[in-house]
Amino acid sequence: MHRFFVPPEAITRGMVRFPEPTARQIVRVLRLRPGDTVGVLDGSGTLYRVVLDRVARNEVLGRVTSQEAATGEPSLHLVMYMALIKVARFEWVIEKGTELGVARFVPMVTERSVIRDLELSSHRRERWERIAREAAEQSGRAKVPEIEGPMTFTAACQQAADAEVRLIGWKGERRRSLRELIPEQEVGSVALFIGPEGGFTPDEIAQARAQGIEPFSLGLRTLRAETAAIVAAALVMDRLGELAPGGDIET
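According to the numbering used here, the sequence shown is numbered sequentially starting from 1.
Quick caveat, the hints were computed from the structure, so don't treat them as lab data. Hints may contain errors.
Keeping only pairs whose Cα atoms sit at most 25 Å apart, straight-line, the calculated PhoX-like set for lysine-lysine is [said to hold, decoys possible]: (1) Lys-86 x Lys-96; (2) Lys-96 x Lys-143; (3) Lys-171 x Lys-86; (4) Lys-96 x Lys-171.
Let the sequences and hints guide you as you build the complete structure.
Rendered as structure tokens:
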């Protein structure tokens, strides 16, 4: 069953009016027809089963036939603090991180960041949000991850203070793996810091340590920033049981 996120106001009195981009996908890409059933989510954690009544070039309408709690959302709240890297690679991190279950992405400007702009254009924000939404639809998430505006490394360290576990990837760390730093007991929130190509500077690592953010190693081989981000997110999810089999897949 195809799944689509829509704004809450698109669902009124048991009917769904699909926003234009989604309607265009339904008509031109998926070529769905009246009578087909789709899943609709409004970001609140509810899945609506919807039968399409009208499928036209300029309008797609559907009727809610049932609703239930959506599955597929991790219980872990994982926030990825990702240094700004080349745009295409950063977008890949958003897509794959969303599939893995990242709850929020926070772009950072670090000392070695290639891109140092703290302003996020409306066009780029819309594109990143669309990438996250489509990845959430494809992977069966119940919510679309948040994407914050870029911030400095210092601000990011301060923002992460409330996370139960705070970790930072650093090639200079020789002893401790990510797995060793995550407690075996239940953890509700993790802040994960990933640096740019070239990594974090010693001063940034010192600053992170002072804020209680623990450095970890991803092994002897040097990974690209985007590879490190997804490997680390997957290791966190696996360590805390979020990649274990279980539950029925909605069809």
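A quick look at each hint next to the structure:
A hinted pair counts as satisfied when its Cα atoms are at most 25 Å apart, and Lys-86 with Lys-96 qualifies at roughly 16 Å. A hinted pair counts as satisfied when its Cα atoms are at most 25 Å apart, and Lys-96 with Lys-143 qualifies at roughly 15 Å. The straight-line distance between the Cα atoms of Lys-171 and Lys-86 is roughly 20 Å, inside the 25 Å bound, and the hint therefore holds. Straight-line distance between C-alpha atoms of Lys-96 and Lys-171 comes to about 22 Å, which keeps the hinted pair within the 25 Å bound.
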